[in-house]
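**Student:** Each chain, letter by letter, is given below.
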Amino acid sequence: MAEIAIAGRTYPPVTFQIAPERAAAFARAIGADPAAGVPPTFAAVYSLGVTAPQLFGDEEAAVDFARLLHAEQEFTWSRHPRPDETVTSQGHVASDISRRGMRFVTFETETTDGAGKPLCRSKALFVVRS
Amino acid sequence: MTQRSVTFTKEQIAEYAEASGDHNPIHLDDDFARTVGLPGIIAHGMLQMGLLAAVAADAAGGPDRLRRIYCRFAGMVVPGDTVTFTAEPAGPRRIELRAVNQRGEPVLTKSIAEVD
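Chains A and B, in that order, are what the protein sequence lines are. Mapping the first sequence onto our numbering, position 103 (from 1) lands on 102, and the numbers just tick up by one. Mapping the second sequence onto our numbering, position 115 (from 1) lands on 118, and the numbers just tick up by one.
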């Protein structure tokens, strides 16, 4: 099945509460101190993790999850969220390019706090092998 | 320079799957992983990046100081691999990061952190 280019596509915002025990379990899994607050890369959960499934579940986008590689990742923080904080993330497809039989999808997520102020920006490059 | 070596295990990868919510079977099920052309289960790229960021945070003087981190997932990490994560200050607000396996192959490349 030939996929359609989906650059520009934006998904509905997703709200997520950072459960302290979840952030602590994540810290232990990456060898960080659970008492040091929310680990920076917990953004893999509260930012990328809540929005990427919208892309993968988008039938029109036709991103073949089984052939998907996470090729690059960047997180940029204005500040780090605190345990128990509720954040809102919105994902969009920044680009969708096919080249030499591979598909390159750049997926960006903006995460804001309860006041609408920026917290984190995630930029993921996914490569789908054909 | 801040450095940490980690030998990856299936248990640790499963713990990260549970903590992150990323239950993609390529990280949990050897048979499934082989059906999609992998040698068996592989570690999450985000687990590698999490370990790298934890080392970067130590080098930066605390996780709150991290403002940006970037990496490329350049090589697969499988259970039994030992990866050495290194963070080295490279200017007032930059930390150069490396992640190299036991064969000397970089598994994360172009890795950089910025601090405030």
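Do not take every clue at face value.
As the list claims (entries may be wrong) - If the Cβ cut is set under 10 Å, some of the chain B residues that face chain A in the computed set are:
1. V9
2. G40
3. G83
What the hints assert, rightly or not - Below, simulated DSS-like cross-link-like pairs (lysine-lysine); rule was C-alpha separation at most 30 Å, straight line:
4. B:K13 <-> A:K122
5. B:K113 <-> B:K13
6. A:K116 <-> B:K13
Stated by the list, open to error - Examples of chain A residues lying across from chain B (beta carbon under 7 Å, computed):
7. F25
8. I29
9. G30
10. A31
11. P33
12. A34
13. T40
14. F55
15. E71
16. S129
Don't read these hints as lab results, they were simulated from the structure. C-beta: ideal position from N, C-alpha, C; glycine also.
**Student:** Any CB of chain B closer than 7 Å to the CB of F25 of chain A?
**Tutor:** holds, 4 Å
**Student:** Does the closest beta carbon of chain A sit nearer than 10 Å to the beta carbon of V9 of chain B?
**Tutor:** Constraint on V9 of chain B satisfied, holds at 7 Å.
**Student:** Does the CB of A31 of chain A sit less than 7 Å away from some CB of chain B?
**Tutor:** holds, 4 Å
**Student:** Hey, K113 of chain B versus K13 of chain B, does the alpha-carbon distance stay inside 30 Å?
**Tutor:** It holds: about 27 Å lies between the C-alpha atoms, which stays within 30 Å.
**Student:** Given the hint that K13 of chain B pairs with K122 of chain A, test it: the Cα-Cα distance must not exceed 30 Å.
**Tutor:** With Cα atoms ~28 Å apart, K13 of chain B and K122 of chain A stay inside 30 Å; holds.
**Student:** With 10 Å as the cut and Cβ atoms as the points, is G40 of chain B at the interface with chain A?
**Tutor:** holds, 8 Å
**Student:** Tell me if S129 of chain A is really an interface residue toward chain B, meaning its C-beta lies closer than 7 Å to one of theirs.
**Tutor:** violated, 12 Å
**Student:** Is the interface hint for A34 of chain A satisfied, with its Cβ closer than 7 Å to some Cβ of chain B?
**Tutor:** Not OK, violated: A34 of chain A not within 7 Å of chain B, min 11 Å.
**Student:** At a threshold of 7 Å, is the proposed contact between P33 of chain A and chain B supported by beta-carbon distances?
**Tutor:** violated, 11 Å
**Student:** For the hint on G30 of chain A, does the least C-beta distance to chain B fall short of 7 Å?
**Tutor:** holds, 6 Å
**Student:** Given G83 of chain B as an interface hint, is its Cβ closer than 10 Å to any Cβ of chain A?
**Tutor:** violated, 18 Å
**Student:** Has the given pair, K116 of chain A with K13 of chain B, been kept, meaning a C-alpha gap of at most 30 Å?
**Tutor:** This hinted pair is violated, its Cα atoms lying about 39 Å apart.
Hints 3, 6, 11, 12, 14, 16 from the earlier list are contradicted by this structure; the remaining hints agree with it.
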